[in-house]
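Place chain B on chain A using the hints.
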Amino acid sequence: MSSASPTSADFGKDKSSFDSKAVWRTFWILLCITVFELIVAIVYYETHFFPKHILNGVFVIMTLAKAFFIIAEFMHLGHEIKNLIMTIAIPACLFIWFLIAFIWDGSSFHDLRMRYDKYQYEQSKTKVKPVEHKEEGKKPGVE
Amino acid sequence: MAQTVPVGQKWWSGGRSPFNVEYGKLMMWYFLMSDAFTFGAFLISYGTIRFSSSSWPNPNEVFKSFPFIGEMTVPLAFVSLMTFILIMSSVTMVMAVGAGQAQDRKAVMKWMFLTILGGLAFLGCQAWEWTHLHNEGAWWGRNPFMNIDGTQSSTNFTNFFFTITGFHGFHVFSGVIINTIMLIKTWRGDFQRTGHYLMIEKAGLYWHFVDLVWVFVFTCFYLL
Chain A
1 MSSASPTSAD
11 FGKDKSSFDS
21 KAVWRTFWIL
31 LCITVFELIV
41 AIVYYETHFF
51 PKHILNGVFV
61 IMTLAKAFFI
71 IAEFMHLGHE
81 IKNLIMTIAI
91 PACLFIWFLI
101 AFIWDGSSFH
111 DLRMRYDKYQ
121 YEQSKTKVKP
131 VEHKEEGKKP
141 GVE
Chain B
1 MAQTVPVGQK
11 WWSGGRSPFN
21 VEYGKLMMWY
31 FLMSDAFTFG
41 AFLISYGTIR
51 FSSSSWPNPN
61 EVFKSFPFIG
71 EMTVPLAFVS
81 LMTFILIMSS
91 VTMVMAVGAG
101 QAQDRKAVMK
111 WMFLTILGGL
121 AFLGCQAWEW
131 THLHNEGAWW
141 GRNPFMNIDG
151 TQSSTNFTNF
161 FFTITGFHGF
171 HVFSGVIINT
181 IMLIKTWRGD
191 FQRTGHYLMI
201 EKAGLYWHFV
211 DLVWVFVFTC
221 FYLL
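Protein sequence lines correspond, in order, to chains A and B. For the first sequence, position 76 matches number 76 in the working numbering, and the numbering has no gaps at all. For the second sequence, position 152 matches number 152 in the working numbering, and the numbering has no gaps at all.
Bound conformation, chain A alone (with noise of 0.2 Å):
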């Protein structure tokens, strides 16, 4: 290549790439998953229509919606080369084997406590009586 090697400046002039309206439309789709998920949360702890986990599956689903959104357009990463795009995300594969380990591990001790430990077994069978907390018009702040 003839010229010399690119400085800052030949990054911070590209302004063809901004597009305030897809700005817009990422946030829209972001107010609504929220919503959305907060009607769901709400409904389900009035009515306990559904199966907790069959619900939790659709939070990780919006959450992971969420997060799509925000990383390509906030953070522009959908709009940059294949390159940059692949340095962030095969790295974040790993993720998924972290969070499979760790869960898997954390269910395999609960196993275990519950079949072999006499007194976790138990304290999970005992109920106990409701605590009143109540703030007694106590503003934050002032002891």
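For the record, the hints were derived by calculation from the structure and aren't laboratory data. Worth double-checking, as some hints may not be accurate.
No more than 30 Å apart at the CA atoms, straight line, and that leaves these computed lysine-lysine pairs for DSS-like [said to hold, decoys possible]:
#	chain 1	residue 1	chain 2	residue 2
1	A	Lys82	B	Lys202
2	B	Lys110	A	Lys21
3	A	Lys52	A	Lys118
4	A	Lys21	B	Lys202
5	B	Lys106	A	Lys21
Below, chain B alone, put in the same frame as chain A:
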């Protein structure tokens, strides 16, 4: 949809960045990756402990208060307000980046100012929430809430809650500091002199990352 590049462009043959971004921005991406793994480790350890427990407090019971409405309970309303504030401040940050690309100093200052306000509003909300939970008796090592099935809960819930939201709040706080420095530099005309607003873009990446982490914290603590 990747950026359009000339056909046959040889990215790895030297002479140019194979990632087509400035060095500082690439390094910001790698820093954010490492930070993502730190937060990931926190949240996954939270998940592991939660899976190893037979029951857990109900977030709809714990997070049902809202300032200035007294005893009335609205589950999750306050935390949705916090989420909205953070998403909104992410939007103003993108606007600041866009104004920077158009070399519009006044607009950058306006949007940066709004972003800082959003960050401070979020921190204020978090301070209120922490104070409220503290008044109810929750803190590191103290958990007044019982499990959803009526059994005695451990302090794991409050320990993880305060550690992770605290670590996130600390990130928001540093983001506000960074954005304030960027606002001052814009106001002094530093970026006008260097001819580009790439520093705003790098601060923006950090700020969006804080928003991104909140999305996961929100799901893990308030929804699941």
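Quick rundown of the hints versus the structure:
For the hint pairing A:Lys82 with B:Lys202, the CA-to-CA distance comes to about 20 Å; that is within 30 Å, so the pair holds. Straight-line distance between C-alpha atoms of B:Lys110 and A:Lys21 comes to about 19 Å, which keeps the hinted pair within the 30 Å bound. Distance restraint check for A:Lys52 and A:Lys118: the Cα-Cα separation of roughly 28 Å lies within the 30 Å cut-off, and the hinted pair is therefore satisfied. Among the hinted pairs, A:Lys21 with B:Lys202 is consistent with the structure: their alpha-carbon atoms are about 22 Å apart, no more than 30 Å.
As the CA atoms of B:Lys106 and A:Lys21 are separated by approximately 21 Å, the hinted pair is consistent with the 30 Å bound.
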